[in-house]
Structures are given as structure tokens and as C-alpha cells.
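Chemist: Chains as they are written, first to last, in full-length UniProt numbering: chain R, 1 to 307; chain B, 1 to 475.
No incorrect hints appear here.
Chain B side only, calculated, beta carbon under 10 Å to chain R, not exhaustive:
#1 H228
#2 Q251
#3 D252
#4 R263
#5 A266
#6 G267
Simulated from the structure, these hints should not be mistaken for laboratory data.
Ideal Cβ positions, reconstructed from N, Cα and C, are used throughout, including at glycine.
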Amino acid sequence: MMLSRTASQLYWMSRYMERAENLARLLDVTHSLSLLPQSRGGADIAAALATTGALDACRARHPQLAAADVLHFMTFDAANPASIISCLKYARENAHAVRGKITGEMWENINASWLEARQMAAEGRPLAGFFDWVKERSHLFRGTTYGTIQRNDAFSFIRLGTFLERADNTARLIDVKSHLVGHELDDSAADFYLWGALLRSLGAFEAYHELYRDSLSARRVAELLILRPDVPRSLRACVDEIAELLPRIQGDTGHRAKRLAATLHAELSYDQIDSILAGGLHAYLAQFLSQIHALGDAVHDAYLEAA
Amino acid sequence: MHALTLPEAHHYDEMLLASGGIRPHYRDFAHWLHSQSPQTLARKRAEADLMFHRVGITFAVYGDDSGAERLIPFDSVPRIIPASDWRTLEAGMRQRVTALNAFLHDIYHEQHIVKAGIIPAEQVFSNSQYQPAMQGLDLPHRIYAHITGVDVIRHNDGNFYVLEDNLRVPSGVSYMLENRKMMMRLFPELFASHAVAPVQHYPTLLLNTLRHASLAENPTVVVLTPGHHNSAYFEHAFLAQQMGVELVEGQDLFVKHNRVYMRTTAGHKQVDVIYRRIDDAFLDPLAFRADSMLGVPGLLSVYRSGGVILANAIGTGVADDKSIYPYVPDMIRFYLSEEPLLQNVPTWMCRRPAELDHVLNNLAELVVKEVHGAGGYGMLIGPAASSAEIEDFRQRILADPANYIAQPTLCLSSCPTFVEAGIAPRHIDLRPFVLSGREISMVAGGLTRVALKQGSLVVNSSQGGGTKDTWILEE
Numbered sequence: 001m002m003l004s005r006t007a008s009q010l011y012w013m014s015r016y017m018e019r020a021e022n023l024a025r026l027l028d029v030t031h032s033l034s035l036l037p038q039s040r041g042g043a044d045i046a047a048a049l050a051t052t053g054a055l056d057a058c059r060a061r062h063p064q065l066a067a068a069d070v071l072h073f074m075t076f077d078a079a080n081p082a083s084i085i086s087c088l089k090y091a092r093e094n095a096h097a098v099r100g101k102i103t104g105e106m107w108e109n110i111n112a113s114w115l116e117a118r119q120m121a122a123e124g125r126p127l128a129g130f131f132d133w134v135k136e137r138s139h140l141f142r143g144t145t146y147g148t149i150q151r152n153d154a155f156s157f158i159r160l161g162t163f164l165e166r167a168d169n170t171a172r173l174i175d176v177k178s179h180l181v182g183h184e185l186d187d188s189a190a191d192f193y194l195w196g197a198l199l200r201s202l203g204a205f206e207a208y209h210e211l212y213r214d215s216l217s218a219r220r221v222a223e224l225l226i227l228r229p230d231v232p233r234s235l236r237a238c239v240d241e242i243a244e245l246l247p248r249i250q251g252d253t254g255h256r257a258k259r260l261a262a263t264l265h266a267e268l269s270y271d272q273i274d275s276i277l278a279g280g281l282h283a284y285l286a287q288f289l290s291q292i293h294a295l296g297d298a299v300h301d302a303y304l305e306a307a
Numbered sequence: 001m002h003a004l005t006l007p008e009a010h011h012y013d014e015m016l017l018a019s020g021g022i023r024p025h026y027r028d029f030a031h032w033l034h035s036q037s038p039q040t041l042a043r044k045r046a047e048a049d050l051m052f053h054r055v056g057i058t059f060a061v062y063g064d065d066s067g068a069e070r071l072i073p074f075d076s077v078p079r080i081i082p083a084s085d086w087r088t089l090e091a092g093m094r095q096r097v098t099a100l101n102a103f104l105h106d107i108y109h110e111q112h113i114v115k116a117g118i119i120p121a122e123q124v125f126s127n128s129q130y131q132p133a134m135q136g137l138d139l140p141h142r143i144y145a146h147i148t149g150v151d152v153i154r155h156n157d158g159n160f161y162v163l164e165d166n167l168r169v170p171s172g173v174s175y176m177l178e179n180r181k182m183m184m185r186l187f188p189e190l191f192a193s194h195a196v197a198p199v200q201h202y203p204t205l206l207l208n209t210l211r212h213a214s215l216a217e218n219p220t221v222v223v224l225t226p227g228h229h230n231s232a233y234f235e236h237a238f239l240a241q242q243m244g245v246e247l248v249e250g251q252d253l254f255v256k257h258n259r260v261y262m263r264t265t266a267g268h269k270q271v272d273v274i275y276r277r278i279d280d281a282f283l284d285p286l287a288f289r290a291d292s293m294l295g296v297p298g299l300l301s302v303y304r305s306g307g308v309i310l311a312n313a314i315g316t317g318v319a320d321d322k323s324i325y326p327y328v329p330d331m332i333r334f335y336l337s338e339e340p341l342l343q344n345v346p347t348w349m350c351r352r353p354a355e356l357d358h359v360l361n362n363l364a365e366l367v368v369k370e371v372h373g374a375g376g377y378g379m380l381i382g383p384a385a386s387s388a389e390i391e392d393f394r395q396r397i398l399a400d401p402a403n404y405i406a407q408p409t410l411c412l413s414s415c416p417t418f419v420e421a422g423i424a425p426r427h428i429d430l431r432p433f434v435l436s437g438r439e440i441s442m443v444a445g446g447l448t449r450v451a452l453k454q455g456s457l458v459v460n461s462s463q464g465g466g467t468k469d470t471w472i473l474e475e
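Model the full assembly from the supplied sequences, consistent with the hints where possible.
Modeler: Here it is in C-alpha cells:
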């Protein structure tokens, strides 16, 4: 049993940390793609922004959508609530409010990340190095959490935040790439970079080669990122974790959240990639996103806001 | 060898005589101090700073952007009190707090003390801290001040005097506990050679006191904080953690069916006792300040019907007001039929014309305070003030005499303290904490505050004061 406010702050602390990492992954890959000859530069990066919902705000500030402006907007711009630096700030603010419920090492870690990021923003560090640094800090925070915190409800809410955020991000990323390809099922060589970029941004490039030992195909990439339970950023892996975490939380509230998670878990466990693709990848992902949002709302209502 | 400054002859120092002699209860410590090199002690002080800084970083961070924190300076020379002195202090404080609780019950019920003509009615009922909402409300065990901090000083006559009673939300106990932890860590050998009375069980005593405040069988206790922007937030979080209870903010609580509940991940949970660290005025926007975002709407109505316990009770401020303070010895005689064991500082009330005259004629020798002032603000220290400051204060007193009291300038005792030029005497006071539950309980000791500026008599942390570990030596 813990205060709803505390649970909410733990949950958002890890959600914002995960969001910072996902943004760094997305921007890192998009950034390197934008350097390719056939790239449309800022427009390609802007397309990636569509996944974060920050595109309109960015266009209002930088109508030209020049690559450097867009990247700055999404990394170091503290006035943009969706930038990496803002995510690190919110993560740290939430951690500060629950200082007594996390370990000293977790707090020192998240506080140092924020202070250092602010320093890097002030110095205008090169972006490639910054993206790697953000990923590293997120790994470090997760590792510190694993290695130091008691296995209680606080731990469960921290993990819930991580996996709800990650599921949401992975689904949006696959969706935007399937749009970039233009036509949903095409294994032409031109698309190699886009699918490869998607795998890299989700840290699943090596896993793909290990599992399929074959060239990149849209079907296999989709199967890997949606249905494989052994790829840590796949939709299935995220939902596996969520479905396991919810029943572990003390008390008998949260029926709706548990039912939604179990339903989603059953679907992902028994769906097959060909039937998913037959219905259209975009339609499938849109449906998944609305389910994961409903699940997030149910978690909010039951545990975090308990009106 | 340390550069040790001796106290002046007319001062009372807890350790040293002006001749350089050492008081008996400090002899072992002085011997130990003599055997330590200044370098070792400097290193230990740096270590202490670093450790408090870490605690500060992890708890008391102020202002999100700067990452700055406020640390109250810690001095590593302990303030040692012999057991015989402590016995007097302890008995005197028990007596005093018992009488103050009886007074609070009385003025919110039959008002015997007013009817007997001992305290003028207007002194009580027109006091802004008097809460009419408390009239006729019966509290379990008739306890109003569950937690009291009594500020005591030793004058140069060697006697203890009570400076004021803090019956609202006294703070500082976390420093008492952290200072002891620090001393044991830095100088374990001193605790092997001195029989220092323990203080670390204070949170257990506090929890027992709070649980006893409720008639419920297995009461749920919470600590209510204004939030992490409050300067005492560290203490709120610390005490909640040490007692193993939830640290809540107003938004975590709500009123339903005449009970108070907290919002938890396992649903709504009833709360029976609220150790509130916010002032009366902010407790309930429906009853007090409507703009309060810190309180719980409807709390007063539940409290009045006995559905929840507040510690301390609402309306205790009337008893620790400086205008009521002069009557505390009379309260002890009236309610307990005993003579006060601890002395009050002689106090002139400017509301009385004869006493006002005396005050105005002796401003240069007196300390003048606002009756509702706190934290060392709004006061005149005559001997230390310029003639312009004295004239300014004279006008202020004349404009509103009832708002001021005056006391002789007490010479607070001093204790050797690390300063830039070695070790020198600095003035100190003492705040022991008195818990009123099934019985009155105290840990032996309290918070010793020290004025770090040479000659200064103001020990408040907001005015550059520091703290020391306080040792009661068991016999």
C-alpha cells in the first residue's frame, strides 16, 4: 500500500526517463539517416517527430524545419516540454518529490543526469555524443534501480511506467516507418536503410540477424518488433511485463487495468504476423495504441489518482 | 595544542571557568580534546560537513534549478549537562507542560482560571490564537499539546530559565537525532568513555504518543507536511520515515462520511491521527483561510465530531503566546497546587501603564519582543542597539504598547565552539522535547542551538545559529 501521489510520481519518474531514452534512440537514428544522399533532411526528422506529437509545436517555432533547428528543438530546447532535456527535468522533479521512497543511489543518479544534461545544453555539445550519453544514463538508472530498490509496490510502479512508455514508443516508431516506406509491404533495397534504422533505434538489429540469419524484410521486422517475446523492446515483451506486474500490486483495486492487460497479453501471445499484415500494419498499430492508452488510463484511475 | 579562548569572568560557561579551570562534568572531555591534534579535529569537521552535505543533497534540496541546499552549521564540541541538572530540568518541564495542557482544556471549557481572576479575560479571548471552534470540544485524555518544545537557557547566575514554550509545531528534533548520529560516527571513543543518555528512541516515543492520542483500537497515523518547499520538510520526511508512517500532503487526504481518508494504491484508507506540521490557519480552507492549498476541506468538522485526532490540537497557540507566558507560574500554582520548579524570565507587560513606564525608562538594558513574534525577528536587544534603533523602537512601543513585552537582558551561558581562530565560547540555549501521551515522556537531552557570531545572543538558525549534540551524563 502506498499513497496514490507517491505511486504517480514513481511511475512518471521512470516514464520520463524511458521517454528521454526513446527520444535519443529515435533522433540518433533519424539524424544519421538524414545524412544519407536521398534524405530530405529536416523533413525526414520532422516526420519522425510526428511520433512524439511535437511536430506542430516545432513547425510553429521553426517554419523551415531545418534539420539543425528541429534537432535542437527536440534535444536541448527547455521551452519544448517534449524535448529530451525537459524529460530529464520532469524525471528529476518526480524523483525529488519521492526522495524518501527511492534509494539514495537512484536519486543521486537521476539528479546528476539532470545537472549534467543542463551543463551539456549550455555548452552545446555535439548531438551524436549526447544521444549516446542519454542512453547510457537511462541504462545506468535502470541498473541502479534493479540493483538497489526493494521489491515492493514502488518497484512495480516504476516498472509499469517504463513498459507502458516503451510499448507506446515502439508502436509509434513502427507505425511511422511503415508510413515512410509508403507502401506497407515492400522489400526493395531502397527500404533497407529505413527498416535497418528502425531496428537500430530499437536496439534490435543484432537480434534480427541472430534470429533470422537473412536479409531484412518488412514482414520479419514487423514480426520481431511486435510478436517476439525475447526482444526487450517488442510490443509483446512490454505487455508481458505489464501483465505480470499488475496482479502483483497489493490490494484488490485495478480490475479494469488487469483485464485490459490480460486481453492485450492474450492477443499478442496468439496473434500471427500474416493475419496482422493482412488487416494492414497501420490499422493494427492504431488499434494497439488505443488499447495501450486505455490501459494507461485504467492504471491512472485505479492507482495513481484514486479520486 | 588548540587556541582556546577563555570565557569572561561575568559569563557562565558550561565547560570552563574564567581562570581556566574545568567544570567536573567536562573533565574527561577536556582531557580527550587536549590529546587530539588540531589537524585531526579539522579533518573530522570536514568529514562531518561532507556527510551533512550528502544528507542535505539527498533530502533538503531547495529550489529546483539551483540544486542549492541550506545546511544548519553543526559544531562538534558537545554541550554536556550533568544528570543532577537534567533531573531539575526534566521535572520542571513535566510540571510546566502538564499545567499548560490543563490551561488549554480550561480556557476551551469552564474557564476557571479567568473566573478566578488569575488571567484577565481579554488576554485570553481577544488573543488571535484563541480558537472559538475549540470551545466545548472534549479531546481524549484532555491533551492539547502532544509535542512541546520548551526553550531553556542558563543565565550567568547558573540557574535555568524558561524562555518560551512552543506548543504549535515545534521543530528541530531531527537535528537532535542527526547530531547524535554524527557524533557517534566521528568520535566513537568518546561514547565509550562517557555514559551519554541515548536519544535515538525518540521516534518510537513519538509514535506511541501519537497512537495513544486516539481512542481507536489500532489507529493509523500520518505526518501532514506543507510539501517539499517548506524549510522543515527534511524533518517531516525524516520523522515519517523513522516512525514508518505515511508522509502526506493535503491533496492526499479527503473527507467522506465524517471521516478522513487518504488516497492509496490499494484504495481509500481511513486516517485516525494526523501529526500535522502546518499551522492552524492552513488546516481547512472551509473553516480558516479559504486560500489555503495545503489543508483538507472539511477537516475541522470531522475533528469537532471526534472522527480524527490532530497533534497538536487546534488553538494551542494561545498558550505559548508571549502575552500569556508571564502567567505560566500562576497556572502551575492554580492547576497543580505546586510551586514552579523552573523559573520564568521576569517579564514586563507594556500593556500595563506602570510596567510600560519602567520599560521606556530602561530600554538600553532590556530585551523587547513583539508578543506574536518568533524566530528572532521584531525584537530589540537594548545593550546591543544604537541610540537611533532604541528611539525607533520606543516609537513602535508607544504606538501599540499591548503588542510588546520586555525582559532583562539575559546572559545566555556559553559553550566552547570551533571558530576560525580555534575554540572560543559562544552563547547557547536548549530545546528539549516533551511528549504528552499515556504519560509524559522525554528523551534525555534536546537540541542545543549556538549563536556562532562572537557575542551574539541570537541562536535561531534563520539568524546564523548552529547546533550541537547535547549530552546528559548518566551517573
